[in-house]
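Chemist: Sequences listed follow chains A and B, in order.
Just so you know, the working numbering puts the end of the first sequence at 95, numbered straight through with nothing missing.
Just so you know, the working numbering puts the end of the second sequence at 120, numbered straight through with nothing missing.
The reader is advised that the hints may include incorrect statements.
One-sided excerpt, in silico: chain B residues whose CB lies under 10 Å from chain A [claimed, not checked]: (1) Y53; (2) G63; (3) Y69; (4) A97.
Hints listed in this document are in silico derivations from the structure and should not be mistaken for laboratory results.
Think of the CB as a built atom: it goes at the ideal place given N, C-alpha and C, for glycine as much as any other residue.
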Amino acid sequence: QKEVEQNSGPLSVPEGAIASLNCTYSDQGSQSFFWYRQYSGKSPELIMFIYSNGDKEDGRFTAQLNKASQYVSLLIRDSQPSDSATYLCASYNTNAGKSTFGDGTTLTVKP
Amino acid sequence: NAGVTQTPKFRILKIGQSMTLQCAQDMNHNYMYWYRQDPGMGLKLIYYSVGAGITDKGEVPNGYNVSRSTTEDFPLRLELAAPSQTSVYFCASSYSRGGARTEAFFGQGTRLTVV
Chain A
-15 QKEVEQNSGP
-5 LSVPEGAIAS
5 LNCTYSDQGS
15 QSFFWYRQYS
25 GKSPELIMFI
35 YSNGDKEDGR
45 FTAQLNKASQ
55 YVSLLIRDSQ
65 PSDSATYLCA
75 SYNTNAGKST
85 FGDGTTLTVK
95 P
Chain B
6 NAGVTQTPKF
16 RILKIGQSMT
26 LQCAQDMNHN
36 YMYWYRQDPG
46 MGLKLIYYSV
56 GAGITDKGEV
66 PNGYNVSRST
76 TEDFPLRLEL
86 AAPSQTSVYF
96 CASSYSRGGA
106 RTEAFFGQGT
116 RLTVV
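Chain A on its own, in the form it takes in the complex (with noise of 0.2 Å):
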């Protein structure tokens, strides 16, 4: 089992709608949990961050932690085609001092 896993893609929505993100984690030890997006070809960037359980939201961005259930979810409101990239959803373990990666859903919004 991978350590973190990612909803399997692609993920296709229609421009304006809301695209789900999911992602389950097995190492208890996590404490924070981040989601980059990454553009193809480019190199990955942040765009979310959380360590308590709950919602954050960011603008059109909401991440959603459930440390019970070990998942994280990231949601985007009113998709827009720049929003299409692959999405790499992370979990980092402090006393280790790293993160490990899933291996992303590619999300495609379609005008």
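Given the coordinates of chain A, work out where chain B should sit on it, guided by the hints.
Modeler: The following block gives chain B in isolation, referenced to the frame of chain A:
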């Protein structure tokens, strides 16, 4: 503000050759990482460092070596290149080990092909 700088951006190696991928950061980050990313896959940790003089293995260290003599630099050495090492390599750094400041900043990547 340069952030994380990787060189070279592209490289073709022949089987058995060696090379060093350079990584430098100017953000005074303690933590630095080397990842590889195969097509359609996520990032796999090769080596990481929590400070100058300290390095540790990640998930896929075989065939690689690192050193960290300064806070700024974290070179990755490939010895006896093999086709299985064809990948995109990302160097990253982060400030701290706790909470929000563990955000990783990535370099632009090195696309390596071994033929």
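Chemist: Now tell me, hint by hint, if it's right for this structure.
Modeler: To see whether the hints hold, each was checked on the structure:
no.: 1; hint: Y53; verdict: 5 Å, holds
no.: 2; hint: G63; verdict: 7 Å, holds
no.: 3; hint: Y69; verdict: 16 Å, violated
no.: 4; hint: A97; verdict: 8 Å, holds
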